[in-house]
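**Student:** Protein sequences appear in the order of chains A and B. With the first letter of the first sequence counted as 1, position 76 gets the number 76 in my numbering; the numbers rise by one all the way through. With the first letter of the second sequence counted as 1, position 464 gets the number 464 in my numbering; the numbers rise by one all the way through.
Be aware that a few hints might be false.
[Stated by the list, open to error] Derived lysine-lysine pairs resembling BS3-like cross-links, with alpha carbons at most 30 Å apart: (1) K99(A) - K88(A); (2) K24(B) - K493(B); (3) K37(A) - K828(B); (4) K43(B) - K63(A); (5) K295(B) - K63(A); (6) K37(A) - K71(B).
These are calculated hints, taken from the structure and not from any lab test. None of the values given here were measured: they were computed from a predicted structure.
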Amino acid sequence: MSTKRSRDRIELLQGTLDLLILRTLLFGPTHGHAIAKAIERTSEDVLQVEQGSLYPALHRLIKRGWISADEGTSENNRRAKFYRLTAKGRRQLQVETSKWDKVAAAIARILRPKEDLAS
Amino acid sequence: MMRGRRELDGLDAEIRHHIDEEIKENLARGMAPDEARRAALLKFGSVTRAKEDARGVWVSRWCEDLWSDLKYGARGLLRSPGLTLGVVIAFACGIGVNTAMFSVVNGWLFRPLAVPDPEQIAVLASVQEGRRDALISYPNFEDLRAQSGSAFSDVFAFAFRIAGLNAAGVTRQFVVGAVSGNYFAGLRVDAAYGRVFRPGEGETSGDNALVVVSYGYWKRQLGGDLSVIGRPVAVNGKQATIIGIAPESFQGTLFGFPLDGYVTLNTFASSRNLLDRSSRGLNVLGRRKPGVTLKEAQASIDVIAQRLAHEYPDSNEGVAIRVIPESSARPVPLVANFVRAIASLFLFLPALVLLMACLNVTGIILARGEVRSREMAIRSSLGGGRGRLIRQLLAETLLLSAFGSLAGIVLGALCVRVAGNYVQRLFTSASNYSVSMDAGLDGRVFAYALLCAVTATGLTGLWPGLRASRVDLRGLLPGGGAGNPPSGRRMYKALVIVQLAGSAVLLVVSALFVRSVDQARRIDLGFDPRNVVAVMVDPGQLGYDSLRTNALYRDLRERLRAIPGVQSVGIAQTVPLTFLASATPVYVDGMAPPMGQTTPSVSFNIVDENYLKTMRTPIMSGRGIEQIDVQSRPNVAVINETMARRLWPNATPIGKRFSLHHPGGERFEIVGVAKDGQYKYFTSEPQSFFYVPTSQSSPSARTIVIRTGPSPESTMPLIRDAVQALEPNLLISNLMTMEQVTQGPAGFFLLSMAATLSGFIGLLGLGLAVVGTYGVVAYDVNRREREFGIRMALGAEQRSIQRLVLVEGARMAAAGVGAGLLVALIAKKGIERLLVGVSSADPLIYAAVCAALIGVVLVASYLPARHGARMNPVDALRGD
């Protein structure tokens with residue numbers, strides 16, 4: 001179980017999981033479980049990934065050609081699938097990130113008008 | 001899919017690995033093993049769903065679901081084989097009729113010429129008041145070709161001839177196109193072997209005559225021997241050289257007749273013909289330049305036609321030249337519209353049948369849907385979404401229509417083959433030239449059949465699907481679902497009414513055609529076809545000159561007369577109802593044609609003194625063509641009643657004179673008036689016609705008519721023998737009784753074909769309407785059992801229940817038939833000109849159709865009504 005309590009956790013928005021996977025793979029190829037852990041850790045356990053949904057997402061990304069999968073050996077010597085960011089995926093990550101920034105900024109402006117921010 | 005399979009491989013292991021890692025981590029955090037495992041699984045969520053979703057990335061979920069729907073649907077359909085069979089048969093009939101009719105129309109009208117860019121090919125047809133052929137003279141053709149360069153890359157011409165080809169001493173029939181030198185270049189057709197004609201070749205009488213034979217003729221008649229190229233042959237006695245073999249796919253540009261070969265224009269044409277602007281004998285075609293629209297092409301040709309009319313008013317005044325796409329000019333340019341009208345009618349009627357079949361099936365499926373409302377309610381309560389249920393029903397309809405369509409296409413193809421063989425036999429039977437009835441299945445036919453199938457599926461599946469899935473969970477309650485929503489009954493009634501209306505339209509159209517044929521057969525032909533045999537020969541095919549030709553016909557007549565049972569023998573250029581009579585402008589002394597119009601052409605026949613007697617054509621006044629006319633060549637003529645009425649409405653025509661071809665031409669004195677009749681082809685409109693004696697002209701191709709005893713068929717072999725005994729090389733191009741001729745393509749053939757087809761389609765429609773009405777009424781009575789039970793329990797008699805059902809049936813019949821007759825009356829304009837001697841508003845037909853349909857509906861509702869009235873009210877009330 002996670003250290004944070006359930007009500008502090010946020011369900012992932014549709015489509016953001018893809019972005020997070022791409023971002024995680026930027027640090028190098030890794031396997032499924034490690035991706036899930038990395039997302040949880042780097043978001044300080046705020047973002048909850050239902051781990052099962054990771055796999056369809058990975059397949060979606062393979063199909064789009066943004067990541068590729070190779071057989072490899074995990075840290076504890078078990079054979080596992082390693083996912084790697086492709087050049088196309090790298091470009092896509094940039095596009096998605098800037099898009100995300102814009103959306104986040106826009107939402108922030110709506111939810112918290114300027115004076116609110118100042119206080 | 002393949003890629004997906006590789007990616008999905010090892011997904012199980014991967015997920016296991018993932019969960020193991022998670023458990024390990026949890027253990028490291030100090031959880032108990034059980035707890036660690038539980039937490040890991042909880043965190044992962046549904047393994048199945050993860051796997052399914054990952055799979056779904058690669059394999060469309062929709063497809064998989066559809067597959068299971070189909071499997072489920074197939075099981076359901078097998079459980080009720082009767083219903084399945086009924087629906088499949090209805091679909092098969094509907095789609096079969098459409099496939100068959102379309103493949104005929106497609107073969108005749110839509111299939112493009114076997115040349116590159118066929119859509120660029122257009123027919124240049126001369127249009128003139130009073131003339132039905134679109135032919136153009138050689139000098140006019142030359143001007144068109146020389147001056148149309150802005151719109152056409154090539155303008156070329158052909159003339160159709162049935163000739164004799166003598167190779168190595170044997171003369172064989174040779175159906176040819178005499179073509180301009182640029183014919184092949186214009187069509188962009190190259191030789192399979194040897195070469196084709198070059199532009200400009202063979203268009204002057206001094207040049208050598210050249211021959212290109214078709215691939216089929218080369219294989220069949222010349223043994224497929226390549227050494228024929230370069231070999232000298234004789235075409236109708238004229239020396240010529242074979243220079244090449246046309247490709248197998250190319251059969252010429254004459255609609256319906258595959259050509260045996262092609263000869264240069266100078267093979268038949270004398271230099272006079274090539275110079276005479278009023279001797280119109282060429283079919284002219286052109287290849288439009290890419291990017292030139294039909295309108296632009298027409299505009300450029302208009303300019304040339306106007307110039308020609310201005311420069312040569314004698315021959316070209318009032319002659320327009322129309323540019324018609326080749327595919328819209330079949331079978332011949334100026335009757336193409338008529339054929340199109342028939343074709344669209346015979347595409348429309350089967351479409352109506354398909355619509356009725358669809359309504360029929362809709363009724364069945366709806367009824368089944370109501371029966372299945374319980375199943376739907378259960379599935380819905382178990383979480384089946386509405387879309388999913390609609391899809392399930394659509395899948396079943398899809399299965400049904402797939403089987404039905406398949407059966408329909410096979411049925412249609414079979415029908416076309418059987419009918420095609422029949423027609424081919426009919427056309428080809430007694431003549432030596434073959435007709436192509438190319439109505440095979442091709443991509444276009446399949447596309448059309450597919451379109452029909454998809455439309456039918458959509459029409460029949462969606463509506464019941466939408467309805468049945470509007471699930472009422474009360475259907476699950478005991479006795480529920482047996483209610484009688486008024487909207488549902490209205491819909492059933494609408495179904496029946498539309499079917500009856502469709503059936504009424506079909507029946508009216510087919511009755512009109514059947515009556516039309518009946519009327520046509522009563523029209524006076526102007527001759528007596530019974531016990532007359534017609535023999536067509538052409539000694540010109542052997543190279544006979546006119547002297548030898550006349551001598552041959554004289555000898556032939558003597559020999560035929562000597563056959564036992566032969567009563568008389570007459571000789572003429574043509575016989576009626578063979579498309580063959582020629583026509584010429586007629587000028588009457590002191591009568592000028594109206595300004596801006598050329599003199600109308602009149603068809604004529606060249607006959608000997610025995611022709612009119614043998615044919616038993618009555619002479620109404622004056623005398624017929626006599627022996628003296630044939631021997632001493634005075635300029636006499638016998639005209640028919642219509643010509644007399646039109647040219648001399650207020651005077652007796654006997655003794656009057658007219659001249660042929662041009663105003664100053666030889667004058668003919670009218671010596672008699674013959675009874676009106678049928679001439680070139682069957683038509684109900686009176687036609688002008690005249691006869692001149694054979695002394696006037698000696699055409700080499702003539703028809704001998706022989707009046708025999710009561711069985712002309714038994715005389716036919718003797719006639720053949722007599723011809724062959726006289727000249728073994730003479731080809732008999734046609735040997736048939738005049739009664740066969742009257743049934744032929746220029747006679748009643750099209751009408752009887754239309755009557756047979758529309759009669760068949762009408763009966764099919766009627767059958768569908770009967771079954772549909774019976775099905776719906778029976779179903780309705782079943783559903784109303786409860787209501788009837790209550791009525792009976794309250795004292796209604798059996799008879800009044802029966803009356804209730806019957807009156808309702810009669811009401812539907814009246815509404816349906818009324819609507820149908822209204823539609824038929826509105827649509828009558830479309831078929832009016834296809835009819836003979838019948839008004840399309842013929843009250844008898846409407847009354848008969850009305851009576852027939854109402855009677856049929858009453859019978860179809862009587863049986864269920866009796867059933868409804870006979871049941872035991874207690875049973876009905878007890879229900880479930």
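**Student:** For the pair we were handed, K43(B) and K63(A), check the Cα-Cα distance against 30 Å.
**Tutor:** Between K43(B) and K63(A) the Cα gap is close to 26 Å, so the pair holds against 30 Å.
**Student:** Taken at face value, is the distance from the CA of K88(A) to the CA of K99(A) at most 30 Å?
**Tutor:** The given pair, whose Cα atoms are some 17 Å apart, holds under the 30 Å limit.
**Student:** Given the proposed pairing of K37(A) with K828(B), does the C-alpha separation stay at or below 30 Å?
**Tutor:** violated (79 Å)
**Student:** Regarding the pair K24(B) and K493(B), is the alpha-carbon distance no greater than 30 Å?
**Tutor:** violated (71 Å)
**Student:** For the pair supplied as a hint, K295(B) and K63(A), is the alpha-carbon distance within the 30 Å limit?
**Tutor:** violated (52 Å)
**Student:** Against the 30 Å threshold, does the CA-CA distance of K37(A) and K71(B) hold or violate the hint?
**Tutor:** violated (43 Å)
This entry does not satisfy hints 2, 3, 5, 6, going by the numbered hints stated previously.
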